[in-house]
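Knowing the structure of chain A, use the given hints to seat chains B, C and D on it.
Protein chains: 4
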Amino acid sequence: MSGNTFGTVFKITTWGESHGPAVGVVVDGCPPRLPLDAAMIQAMLDRRRPGGSSASTGRKEPDQALILSGVFDGLTTGTPIMIMIHNRDADPGAYEHLADVYRPGHGDITYMDKYGIRDWRGGGRASARETAGRVAAGAVARALLQREHIGVWAYTIALGGVMAHERNLGVMDNNPYYCPDEQAAAAMEKRVEAVKKQGDSVGGIVEILARGVPKGLGEPVFDKLDADLAKALMSIGAIKGVEIGSGFQAPAMLGSRNNDPITPQGFLSNHAGGILAGISNGDDIVMRAAIKPIPSIRIEQHTIDTAGRPRTLSIKGRHDIAAIPRINVVCEAMVNLVLADHLLRQRAIQ
Amino acid sequence: MSGNTFGTVFKITTWGESHGPAVGVVVDGCPPRLPLDAAMIQAMLDRRRPGGSSASTGRKEPDQALILSGVFDGLTTGTPIMIMIHNRDADPGAYEHLADVYRPGHGDITYMDKYGIRDWRGGGRASARETAGRVAAGAVARALLQREHIGVWAYTIALGGVMAHERNLGVMDNNPYYCPDEQAAAAMEKRVEAVKKQGDSVGGIVEILARGVPKGLGEPVFDKLDADLAKALMSIGAIKGVEIGSGFQAPAMLGSRNNDPITPQGFLSNHAGGILAGISNGDDIVMRAAIKPIPSIRIEQHTIDTAGRPRTLSIKGRHDIAAIPRINVVCEAMVNLVLADHLLRQRAIQ
Amino acid sequence: MSGNTFGTVFKITTWGESHGPAVGVVVDGCPPRLPLDAAMIQAMLDRRRPGGSSASTGRKEPDQALILSGVFDGLTTGTPIMIMIHNRDADPGAYEHLADVYRPGHGDITYMDKYGIRDWRGGGRASARETAGRVAAGAVARALLQREHIGVWAYTIALGGVMAHERNLGVMDNNPYYCPDEQAAAAMEKRVEAVKKQGDSVGGIVEILARGVPKGLGEPVFDKLDADLAKALMSIGAIKGVEIGSGFQAPAMLGSRNNDPITPQGFLSNHAGGILAGISNGDDIVMRAAIKPIPSIRIEQHTIDTAGRPRTLSIKGRHDIAAIPRINVVCEAMVNLVLADHLLRQRAIQ
Amino acid sequence: MSGNTFGTVFKITTWGESHGPAVGVVVDGCPPRLPLDAAMIQAMLDRRRPGGSSASTGRKEPDQALILSGVFDGLTTGTPIMIMIHNRDADPGAYEHLADVYRPGHGDITYMDKYGIRDWRGGGRASARETAGRVAAGAVARALLQREHIGVWAYTIALGGVMAHERNLGVMDNNPYYCPDEQAAAAMEKRVEAVKKQGDSVGGIVEILARGVPKGLGEPVFDKLDADLAKALMSIGAIKGVEIGSGFQAPAMLGSRNNDPITPQGFLSNHAGGILAGISNGDDIVMRAAIKPIPSIRIEQHTIDTAGRPRTLSIKGRHDIAAIPRINVVCEAMVNLVLADHLLRQRAIQ
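Protein chains in written order, with the numbering used here: chain A, 1 to 350; chain B, 1 to 350; chain C, 1 to 350; chain D, 1 to 350.
Bear in mind the hints are in silico, worked out from the structure with no lab data behind them.
Any given hint could be a false lead.
Some chain C residues flagged as far from chain D (calculated, every beta-carbon gap over 10 Å) [stated by the list, open to error]:
1. Pro21
2. Met40
3. Asp113
Rough simulated footprint, nothing fancy, chain B against chain C, three-plus residues with beta-carbon under 8 Å [said to hold, decoys possible]:
4. 9 to 17
5. 24 to 36
Please read these numbers as outputs of a predicted model, since none were measured by experiment.
Here a beta-carbon is modelled for each residue, glycine too, at the ideal position from N, C-alpha and C.
Chain A with its partners taken away, still in its complex shape (with noise of 0.2 Å):
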């Protein structure tokens, strides 16, 4: 009911705040006799730290994945999986000036409107860093997905108003951005270089692929596969827009046009994303969320305290300048959550 689980039968709950003393994630659900280790779970944090490119901060956060339930002699057991990240790098005292007052664009004024109290230390539970949790579920998910040849990427084709034109997957991990064109993502890098130095941050557009999904997953009517793949990604803080397929560019189409026609073969094209009536049908799944700038800007802003008088606010701690590419694998563990819950559904039933 508080929102803070996520998924039917693999299901997770998230827990901690930026600046308290940890976060982490109990996954419930998980098939009993999956391998798991930490360094699984490692793999996909390390994609998630800062660091690795202009755009992401320089908070120094180990991120160390610690296993402290569910797992026994390297096998999952079907017990609950608790996976506990400390906050090493925490420094609450960096914060203390934003105790009074609301920074634009991020959740300290609505979680007062909502709770009447807010934990002000580099967002509390509004921060990024709930992420964590979210990425250390997504591996386990991952493994149970891998266990039937099914793969998931989250990659960059805009960023900063830059377009990547190519769909060329295997240059996506040769640049900071997860760009699978290699010409924009330099481009892309010059753009967060510049908009940098004004202080300023950008926003862009992250397609997820799955591929590999058995046909048959999805539950009509409410928890069709798209609108749980949907509600996954829009849950994640910087997601302002979810399409799937066609899209937004479905609405311009002909029904002639936006139709795949069905042959023996398969579907002769992907309109459809994938998910028909809310089920799988074989066909990649392709998804596209739209990444609102960072609120966080060294440029003043006016904004108003928590008494209600009007302040201007110019953001210095360390902060990102853009969610890309920290958000991909954000983007990819909300979507292998999904599709494990979704697998184990669909067993039920049968």
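Same frame as chain A, but now just chains B, C and D:
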């Protein structure tokens, strides 16, 4: 788990197939002593009925709402409200020629993949007729929200490639497409007529506005208000994309532009779309949904039969040219349901 | 949340009031391609109908089950199964004298405390008539379990102070109380007749046996199989206690006696009642439920009216003398529902 | 789904194994601004620790509660409260001789049946140590209930066949068994000492009293307050039966005796146990739970090893002679959790 239930406190379960004896919904969790009668539900169902525009099917359904439980002396009792709508104009025979073929763009093939059986009569459970239950439940949610002075509108801002340039809500009820731009509405009508002659279909964009939503609704971190709204809308069959506030424009904006400055009088802009960090901020909630063209078209399409052999198919039965305008009230219903649910969820923690 | 839904994978939602137009149930999560027809449901409903014994009301309800969705060509389709039962013999007028008074032992006063409104016609939602929906849903669960060779029986081992000393299941259908001891059954009948003349009512104990349950069902730690069974039974209005295996005898036993020794051929005793640490062990599951006497009695009782003033009340309408034997099929249905649910839950993690 | 989560609004998820690094709980849905500190949790955990009575193990666990999230400046923030307790005295080596044998009366064999793998170190997840998380969460619920002037007590009314005849709650803290009858307490101590010498174990009965519960809590029809309480108690490993009010005495009572007469001053008796039709009536809630004897005994027992071969087993490690008195605080915690949950559930519909 099987996905026919939506909501947590204000919870609905829809049931029924397109050409079975009836469709309906059970609304559970509605507070007691709310005035409710069949006419309030009927008013919403009437907006969903075909016949109002050139875009809609000729199927004649009186769609009469029967309240079978949960209301006593004109007031809700706090117990489940069951609303049933008979399928008067069901004509399963008209679909017999579709019993052994999969219609492109429909769930025929994926329902078979999932369940190994399908009710081929008019799409069975995957039919848009299922949304009658949602609209009936949405009318109950609407009654609850109106008591709190919350209003929701769903209007058409694009149809068949024609865009609305105005947001004059005062005129939306004067044209069959709920378009807030009269000139655009006229152009939409022409476009629909032209496409109808070609035997093709069109898509569009619906914008949904919620006004008067109190601050503080939405549950961090997974059940963010926008995440739940995104799921609610994406669970409607024809919707391929959802965005909030600046949505897919946000990726190309700078942070200094996308952030909404805060003043003692409120926010100076609404790029957030009324939701910050998943929690309503008191501003208008503004979302848009991308509607794909209706997949049932007269133009001949390639497909396969249930034995996997190639077939061509031209769909000549009664069907809409566009999901708009009938889908608008469904969008409105889904948003009403999410808001009613979060309104009650927020009470639980106070 | 509002408590009218039961189960997780195999999930039911009941609706309806005693003297409204109908009662019913939506069964969601039933696997597809299960043979199901109205007769299978009717057979169970017929066992719940009044008229079979001296203990039962004279209310005449044909209780005809109508399947309105989820079944196609005699097979379940995987979509929600809605079963409706009209209230043919509803006679709200007969209850008007109860509109302003609270019947002792009934929910009249607590429904008013909770909701500030109540449907006083025959107990409204709190009426045992609600269990018709449970029995209908239980029949669907039963069909699923029978395919797995799981059987459930609910028989009477005490009524009005008369105890059964035998467990001869072969004779339970030969007497109106489903008593597995013919001598006791005869004594029960005499006891009921005598109490009836006094205008009073009696309670009893129902024992429920589930045979053929596979090993491994039940979810640690909160959704233990016995915990879910206990809830299922305690959710039946008249039940005041539930025990499994040695139950309330266990507290006075020594560990060396209560433990069931394990041998290569199986357990040497069954004090556990077929469930160890919340998980089925393959042995018979044996539970007992304590049924309170029917609260509606002709004997005059002290109570208050809705204005809080003292009143005396003698209930002369049609009502049962004992919940047994009609409650037996309800107990059986609830156990069937829990087992079906856990059977499917276990599949999800494999 | 996997059963490690309990509650709907006030929701907890426990994690951890007996001899892993730690056990813990995530409490989600606790209202914000509730004063909470580690000492309030510690006080409850201390009552669960071994060492207080002859009946308890010699395992030395400081059981120090660490609050890792959800509390800021001594107040809850409305976000998940994670409480962790390190397993300081874990000694997995002591259990190696149990790695290939199933202890009678324990979940060893059923965990293997269910998962095909088990953590054999001290019972793993099935260990009573899991209840430390419940007690910690129960302390949070208790803080919430105390603000509403609701109190819960769990006292011993039978142990090893010795019955308490008084309910003098004033003396229950003066003896190690929380027995409200001082003479009985002395006899219980003697009985435990005697059984201990024999290498055997005993069971007992705990009565739980909740006072001050407001009228109107509990959700018809499945989530009746007594149904949820029954599940809560039956989910505790050692409990084999649960009853409320007149419980297993009700079956032999007449309706005229079991009904509680209503007067303007309240109910004249409390056979209902404070709950009518699943809804609290404002009276004391009184339940009793049957506790089986501890299955770990020194006396030699018949069992099998993991290869299915016959074995005999005498358990010599540290273990309790009775679950009482350590289980009392667990019962109290579970009742606190159910009441806190239903208190918040009721707010949601008002």
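How about the stretch 9 to 17 of chain C: do at least three of its residues have a C-beta closer than 8 Å to a C-beta of chain B? holds (count 7)
Outcome, coverage hint (the stretch 24 to 36 of chain C, chain B; C-beta under 8 Å; three residues): With 6 residues in contact (Cβ-Cβ under 8 Å with chain B), the coverage given for the stretch 24 to 36 of chain C holds.
Run the C-beta distances from proline 21 of chain C to all of chain D and say if the shortest one exceeds 10 Å. Holds: least Cβ distance 19 Å, greater than 10 Å.
Against chain D, does methionine 40 of chain C keep a CB gap of more than 10 Å to every residue? holds, 23 Å
Minimum C-beta separation from aspartate 113 of chain C to chain D exceeding 10 Å: can you confirm that? Non-interface label on aspartate 113 of chain C violated, nearest chain D Cβ at 4 Å vs cutoff 10 Å.
The earlier numbered hint that this structure contradicts is number 3, and it is the only one.
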